[in-house]
Structure formats: structure tokens, C-alpha cells
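Q: The chain contents come next:
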Amino acid sequence: MSRPEHKAPPEIFYNDDEARKYTSNSRIQSVQAEMSLRALELLNLPENETCFLLDIGCGSGLSGEILDEEGHIWVGLDISPSMLQVALDREVEGDLFLQDAGQGIGFRPGTFDGAISISALQWLCNADQQSHNPKARLNRFFSTLYASLRRGARAVFQFYPENDDQCELIMSVAMRCGFEGGLVVDYPNSKKAKKYYLCLFAGQIPGKQKQQIPQALGEEESEPTGVVYSNQRINERQKVKGKQRKSVKDKDWVLRKKDVARMRGNKEVPLDSKYTGRKRKPKF
Amino acid sequence: MLQCHAKNCNSNNYPLQLSKVEVVNQETEFNPMFLRNMLPKLEWNALVKTAFQINVTLPNALPESSTDELDEEFLKTLHRVLLETHIQQGQMTCPNCNHVYHIKDGIPNMLLDETEA
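Chains as they are written, first to last, in the UniProt record's numbering: chain A, 1 to 284; chain B, 1 to 117.
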């Protein structure tokens, strides 16, 4: 699997072109929507209540749209200006900020009822500049996030850890910043649908019972539901290819060759018939 | 809602001062429930100060009554300030370290230089 975070820092990787591609890809759209819904479910917000949420690495607002649909008000931050431009063009509802999560988030204490982050946390584990130290950046991010959340609020991060060490690093930093909670792995037996959700609690709600780490999906059954892989683009590509590449040695070509041979009179040339220039059946 | 988050800027960093602003109003749905929940999270004095900078006046003192029986009129004003007012262009300045954050197309640029991060 290729990892975009190895290619370039996020603000450079997601340029205008990549941002547009990312947002218009219907598969990414549906995967993002599914993950956002799951993250929202893990947030465990009170029902029928409008909450003030933070979307870290909101990109073009694909996940924010889901928050909108569920009736929440959200604020999104992202480091890529191009992605935010796409979000503006799509006229998303939330307020957008151009911000590097590794530099901390400067919101007032207790502002948010919850935070989600879809496929963004792994970007923080890379040192893209000489001055970057992933551990320090994660530390700054989690500590400022902890401050900006309401007591008892949850933060759910869907991310793609590169290896166990990375998982451990993220978890240990989060715990040191005061978060409780743990990792929820959906469909652990499936290669494609396996998803990591880091589920963190910013303290406990006083007077209520201790928050439990939610149950992961699909621990027994192996077949995931949800977004199925449609090889629509590959099919389309093949269609286009088939039209462009016509065989050179078609019937006209064979007839012409035979004419030339007859005119030269060198050998006995077979007669033309309706079978000329046709492909043989495979059973022949 | 926002404070300066440069590293060595810890005191007196709120609220950010607005200047050279262009304001746009966008109508959104009125949701009294949400506003009632938001109210305890707001620092009223700061909000009044910020609202004054974009020529919106709010009552100086928060109404005394409990959050459940606030009158419709007050909530409507609050709704207009919090949810319908969008700043399109402008600058935000930190009152302590004078760091200037630019706002472009409604997106504030909160990136810091390497030395500040």
C-alpha cells in the first residue's frame, strides 16, 4: 500500500490537483462518509442535541458534511490551503481554519463537545522539517486538544498506523496528556476494511459511571459490510483503450496483401471469401 | 473562542483583536437549544468586545436569569452574532505578542513560524 505521507508533507502533497482528485473520487467519498459516521457513533453524543464539534484535518469537508447532516455545528482545521479552497467551493457549513495541528490548536478551554479526525493523525508522525519532532508535535497537539475539550467529551481519531510502534507512540503521548481510552479496531480480520479508531476521553463526567471503550465492529464475522470496491475506473479505462487500439491486421489489410501478391504472381494466392481475415474459433 | 497559541504567549492572549474586517451575513437556521448549551462556554466580556470591533453591539451584562428562561429576543441576537456573522477578510492581532493572523476568504491562517512553534 502506498502511503501519501511518505511522498511529501501534507500542505505540499495535497495541492490543487490532488485536492480536486481526492474530493471527486466517489470511492474516497463513500469510505470517508462511512468512517465519519462510525466516528460520530463512537463519540457517543447525547441524542437530538446540536453539539459543537472540531474536525481535525477536515480537508475538503467530506467528513464535515456528515456532521452537518447529523445536525451538528463544526469547526474544521487543515494544513492544506488547496483542500480548504475545495471546501470553500463546495460551500460547506463549518468554519474553516488553516492550521498545523502539530503546532497546537488555540481554542479556549472547554469549547468543544467532541472532536473527530478522519485519516489525519498519521501525518503528524512524520518529521517533514528539520525542526519537527513527531513526539513533541503529538504532545503539543494532544495537550492543547485536551484543554479545548469539555470535561467528559470524547475525541475519535480514525487513522492508518504504519506499524505497532507508531500506534504505541500515539497512545503513550495521548495518555500522558491526560486522555483516557484506547484503540478500537474494526474488522480486525479483514485486510481492506480493517480500521483503527483511537477513542479518547477527556476526563470523566462527574457523577456518571466510568466511560467504557466501545465495542469494535466485526470481531467475529470476517465479511465487512459497507463500501464495496467498484472497479468502475478500471472498466472505463479499458473501454477507452479498446476503442483506440484497433488491430492493424484487419480484413482490409489482408485483402490488400493478397492483391499485391496476385499482381506479383509469385505464389498461388488463396481465393477471397467471407472467411477472409476472420479470427479462428478457439476450439479449432 | 480563539486565543493566540504561540508558545511563549500565555497570558493576556485573549481575545484576538480584529481589524480591517469585511463582514458577511449568512442566514442559518435558528436553534435555541444549541445556543443555550453554548452560553456557559462563552466569555461574555470578550464576546462583547469582539462584537464591538465589527460594529455589532451586545448588551454589556449577561441577563441574570437562568439559561432556560432566556427570552427569544436575546437568543436571536446571539444567534446572529455567533452563527450568521462571518468575517471574510481581515486581520487578528494577539494583544500580548502582537502576532498578526490574516483572514482570507473566511479562512484564518493560524500557521506559526518555526521560531514561534
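Don't take every hint at face value.
[Said to hold, decoys possible] Short derived list, chain A residues pointing at chain B, Cβ under 8 angstroms:
1. Leu84
2. Leu88
3. Leu96
4. Leu98
5. Gln99
6. Asp100
7. Gly106
8. Tyr275
[As the list claims (entries may be wrong)] On the chain A side, residues computed to face chain B include the following (Cβ under 10 angstroms):
9. Glu11
10. Asn15
11. Glu18
12. Leu77
13. Ile79
14. Pro81
15. Ala87
16. Phe97
17. Gln103
18. Ile105
Keep in mind the hints are simulated off the structure, nothing from the lab.
As the structure is a computational prediction, the values presented were derived from the model and not from experiment.
Where a beta carbon is used, it is the ideal one built from N, C-alpha and C, also for glycine.
Q: Each hint needs a verdict: does it hold in this structure or not?
A: Cross-check of the supplied hints:
{"no.": "1", "hint": "Leu84", "verdict": "5 angstroms, holds"}
{"no.": "2", "hint": "Leu88", "verdict": "6 angstroms, holds"}
{"no.": "3", "hint": "Leu96", "verdict": "5 angstroms, holds"}
{"no.": "4", "hint": "Leu98", "verdict": "5 angstroms, holds"}
{"no.": "5", "hint": "Gln99", "verdict": "4 angstroms, holds"}
{"no.": "6", "hint": "Asp100", "verdict": "6 angstroms, holds"}
{"no.": "7", "hint": "Gly106", "verdict": "3 angstroms, holds"}
{"no.": "8", "hint": "Tyr275", "verdict": "68 angstroms, violated"}
{"no.": "9", "hint": "Glu11", "verdict": "9 angstroms, holds"}
{"no.": "10", "hint": "Asn15", "verdict": "17 angstroms, violated"}
{"no.": "11", "hint": "Glu18", "verdict": "19 angstroms, violated"}
{"no.": "12", "hint": "Leu77", "verdict": "8 angstroms, holds"}
{"no.": "13", "hint": "Ile79", "verdict": "8 angstroms, holds"}
{"no.": "14", "hint": "Pro81", "verdict": "8 angstroms, holds"}
{"no.": "15", "hint": "Ala87", "verdict": "9 angstroms, holds"}
{"no.": "16", "hint": "Phe97", "verdict": "6 angstroms, holds"}
{"no.": "17", "hint": "Gln103", "verdict": "5 angstroms, holds"}
{"no.": "18", "hint": "Ile105", "verdict": "7 angstroms, holds"}
In terms of the numbered hints stated before, the structure departs from hints 8, 10 and 11, listed from lowest to highest.
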